[in-house]
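Novice: Let chain P serve as the given structure and place chains Z and D on it in line with the hints.
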Amino acid sequence: MVISAETRARIDAAIAKYPKKRGALLPALHLVQEQTGWITPEAARELATIFDLHPIQVMEVVSFYNMFYDRPQGRHHVHVCTNLSCSLRGSRELLRQLEQHLGIEAGETTKDGRVTLGREECLGACAWAPVLRVDETYHENLDVDAAKRLVDGLE
Amino acid sequence: MPRITVDGTEYEVAEGRTLLQALDDLGVLMNGVDIPHYCWHPKLTIDGSCRLCQVEIEGIPKLQIACSMPIQDGMKVHTKSQRVQDARAGVMELLLVNHPLDCPICDQAGECKLQDYAFAYGVPHSRTQEPRRAGKKRVDLGPTVMFDQERCILCRRCVRFCREVPGTSELAVFARGDRSVIETFPEMPLSNDYSMNVADICPVGALTTKDFRFKIRVWFTEDLPGVCTGCSNGCNVHLGVANNRVYRYTPRRNDAVNQTWLCDEGRLSYKRINADDRIDHAAVRNADGNLVSVPYESALETAVARIRRVIETKGAGAVGMLVSPHATNEDLAVARRFLDALGSTQAGFALVRGRKDALLIKEEKAANAAGARAAGFEDAAPLLERVRGGAVEALLVMGHDVLAPAYANARAALEGVDTLVLLDTHRSPLEALAHVVLPARHAAEKHGTLTNVAGLVQAVQPAVEPVFEARAEGEALWRLGQLLGLRGFEEPHPQDRTGA
Amino acid sequence: MQKVPFVTGYLTEHFGDDDYATLAGYRRRGGYEAARKALTEMSAEQIVELVKNAGLQGRGGAGFVTGLKWSFMPKGNDKPKYLVCNADESEPGSFKDRLLLERGPHQIIEGILIAAKATGAEKTFVYIRGEYAHPADVLERAIEECRAAGILGAQCLGSDLAHDVIVTRGAGAYICGEETGLLESLEGKKGQPRKKPPFPAQFGAFGMPTTVNNVETFSHAPHIVKNGAAWFRGFGTEKSPGATVFGVSGLVQRPGLYELPLGTRLDEIVFQHAGGPLPGRKVKGVIPGGMSMPILPVSQLDVPMASEFLRERKTLLGTGGVMVLDDTVCMVRVGCVITYFFRDESCGQCTQCREGTGWLNKIMQRIERGAGSLADLDILLDVAGKMEGQTICAFADAAAWPVQGLLRHFREDFEAHITHGKCPFPQSFEL
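Residue numbers (this note's numbering), protein chains in the order written: chain P, 4 to 158; chain Z, 44 to 543; chain D, 3 to 433.
In isolation and in its complexed conformation, chain P is listed as follows (with noise of 0.2 Å):
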């Protein structure tokens, strides 16, 4: 089994709350991916079978979402914005630094599985751009060198 029991009992509790079981399943994948990183194929069966799903039917939900992966993930996902008004600030410049500075291109992950670097589409913080994302975390106005030491402080 992947799906934890404690992470199983948190799904459990969010079926409660909606008149047909699927309406859980946005929350049931948010769930199993803190307890696991990411939806691997034997996590996506055993949500299907919770849900009297086809597994199919779990993966192209995966799929059709920035936030779920179907992939390994670093420990901390870390997300410029490149929409319109932080790119006018230089988030692009911004997430082009990151790059160089963590050795990887957007889309990876350094090699101790620390990071995952993403650009992302406008967080709604748009007056403090540039703007980016560190896991459920919001960090605004950030020039280069913060955000260089934003990213070393994370384990």
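None of these hints come from the bench; they were simulated from the model.
Careful, some of the hints might be misleading.
[Unchecked claim] Below, simulated SDA-like cross-link-like pairs (lysine to any residue); rule was C-alpha separation at most 20 Å, straight line:
hint: 1; chain 1: Z; residue 1: K105; chain 2: D; residue 2: P200
hint: 2; chain 1: P; residue 1: K20; chain 2: D; residue 2: G155
hint: 3; chain 1: D; residue 1: K191; chain 2: P; residue 2: R48
hint: 4; chain 1: D; residue 1: K198; chain 2: Z; residue 2: E99
hint: 5; chain 1: D; residue 1: K5; chain 2: P; residue 2: Y141
hint: 6; chain 1: P; residue 1: K24; chain 2: D; residue 2: K191
hint: 7; chain 1: P; residue 1: K23; chain 2: D; residue 2: R196
hint: 8; chain 1: D; residue 1: K284; chain 2: P; residue 2: G93
hint: 9; chain 1: Z; residue 1: K156; chain 2: Z; residue 2: H168
hint: 10; chain 1: D; residue 1: K5; chain 2: P; residue 2: E139
hint: 11; chain 1: D; residue 1: K191; chain 2: Z; residue 2: V224
hint: 12; chain 1: Z; residue 1: K253; chain 2: Z; residue 2: G185
hint: 13; chain 1: P; residue 1: K23; chain 2: D; residue 2: N79
hint: 14; chain 1: P; residue 1: K23; chain 2: D; residue 2: E189
hint: 15; chain 1: D; residue 1: K191; chain 2: P; residue 2: R25
hint: 16; chain 1: P; residue 1: K20; chain 2: D; residue 2: E186
hint: 17; chain 1: D; residue 1: K191; chain 2: P; residue 2: A51
Specialist: Okay, now just chains Z and D, sitting in the frame of chain P:
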């Protein structure tokens, strides 16, 4: 009943239908009223994403998709206006922006809806100079189907089919936008009893059957109507014929029998027609006990001599017949006539039974068991008992279904008869027991009718001609009857090929 | 992120107080009194009439008259009815809902209760974009407080209305902000919009009658109930009453949030409130309502920010996300950013959208690289025109309009790229 007007012609349609459904019900869709479409299919749920079926409806400012537009009494539809033409041309151009220029190597060419509609409704020149979306071109989706990601126009028919018809849901669209791609789940390939239907419903060459891949260009083939003989459902087929060979079966729509589908096993049963194990010469067993090839008429004469001897020594009642549930009603009628003329009641038919499902696959693995029963033939088991008991000395056997496990000890019973005349299409261990072997014709090689499990009588006609001498069972029996001097067999059989 | 907009109004005036996000703090300022009135003293019909008369329009971008939308819900109770609070805010340039969630969660819940009474809904699903983890937590805490205090539950505020609010997180897909795309996602599927009809009021969440409203739309409701329709109409224009929270971003001195009446002029917002362009620069163009809305050149900023006026300039209010571009900016690069976004976010169902967004982006990138021709500009407009009005949802229109806007007002940027074979703005932001 609501009445609608399409391009000036009035039609009366059923309640509760959409525009495409109503026109399809009337048989005029793409047959008088041309509304090209991709994602809609008469036997699948409505999708509405291809946007090709847009039409103009008076009173509604925006163009509407005909596949989901509910019929309203008095609706006035225009399918040929400039707006509609422009919309279609727009959709066609956009579909071709990423579609690979594969026609020269694509199996679908010649029966491709992208080619057809681009030619009929599209723009003559491509304006794009952008690199096309790259994808995998030979994806092994499963045992029967090959997938080319680049050719896919994402009509999603295949996805809906797997979900709705066999209910196996192996396919889904992954990702989104112009990175959308159809995939399977790891280790869960496209593998169900109806998998090859996805190649039929795919409007383009994205999904093709491995069986037909690169075999022949479709414009060299002719589609002839026929019936699958794999089981008693009697699914309607087109036989794809070229060079006197059948290259494939494709479904022929019949809403009362098989909708627009075929099971994979039945679809592939076309291979039996030109198979290597056809019995391709008449034979008789010589004094050394070996089967030797002889001309057909000569084999008939040997059979006649042996049967006559049995009649003279044991009486006509010692002559029996195992008819075939694969034979046509017309063949079976001759068999009945033969037995009646002999005054023999020694008859039955052997039938192979197998698994069935809730869709098309039926338990009886022959096309005309219902016809055999209607002609008064019962199951072979009692006859085999009597044969074992010595009541039957001459047995005409059609087909080799009697060797099936359901008829235990059949071999032992048959070994004991004095004369066994075998009329069959394919080789089998039964030949070892036969004294005379006569090549028979497959349903694709003769005229006749077959009665399916629901009692529906369906016609077959010759699509190919055997290259060796073979006669339908009815023809052969008629000639036997003639040679035996049986009453009622004086005139030649209507389909007699001997010219006698 | 600012806690308080630079200009506040009835929606955000208390956002400076941290305890306003708590039940006690909200109640101290008269919170839930409007809901109590609606739940115990008004009928569903009265509430609908009130909100209709007030003329509140949806604040999620489409601007549909809210009271009218509420009236579409069936009257009987044979099926459960639901509300959905659309907190998927993903329109580039729009960040007002995030503030309303973090600083005014109870205001939203109060608005939901009023709508619940008006529509007979038994449950609200707040669909909040996956990236808004913190706002989701704030809202969950507020909901917990309400459940504990009997504001949500079997007898809300002591009335006979039973209602609960569930927070459900998205997972990163702009199209889930589209009404029926949201419903699909809420049901655990890919967020692919549905064909309409049927509309959500007939067939919505889990097949039940549903009304979907934006976060800000709900937030206005308590104020309308408290102060009346005439009061609400005292703000804004005749056709677009009330206030809204504008989000200003891009190359301005004071990017941030501004709560202002609808109808405030765009040039007033950009030059006075937001302080105008950065030192030494001039404003070149402004996107008025989030990135889906066609851009206006600096010469056309004298327009009241309300759709009935913006429409005359071939653009719309959208979500009021004002994005300011100055004279360093290359509009072709802007076109690349915009077309990339729509190409990335298309759900992929409809041919025109899936293939059109891809083609537009590819052409735009090629022009930006300096390999474009004048004929490409005709193709861009032609493809954009083929995408409009022919798809399951309005995403394709939203993808087409910005391209039309850029070519309408900044064709010279494109022509310069083409004739010079490269970007003619050395100082422009980089791609």
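Novice: Looking at the structure, which of the earlier hints fail to hold?
Specialist: none
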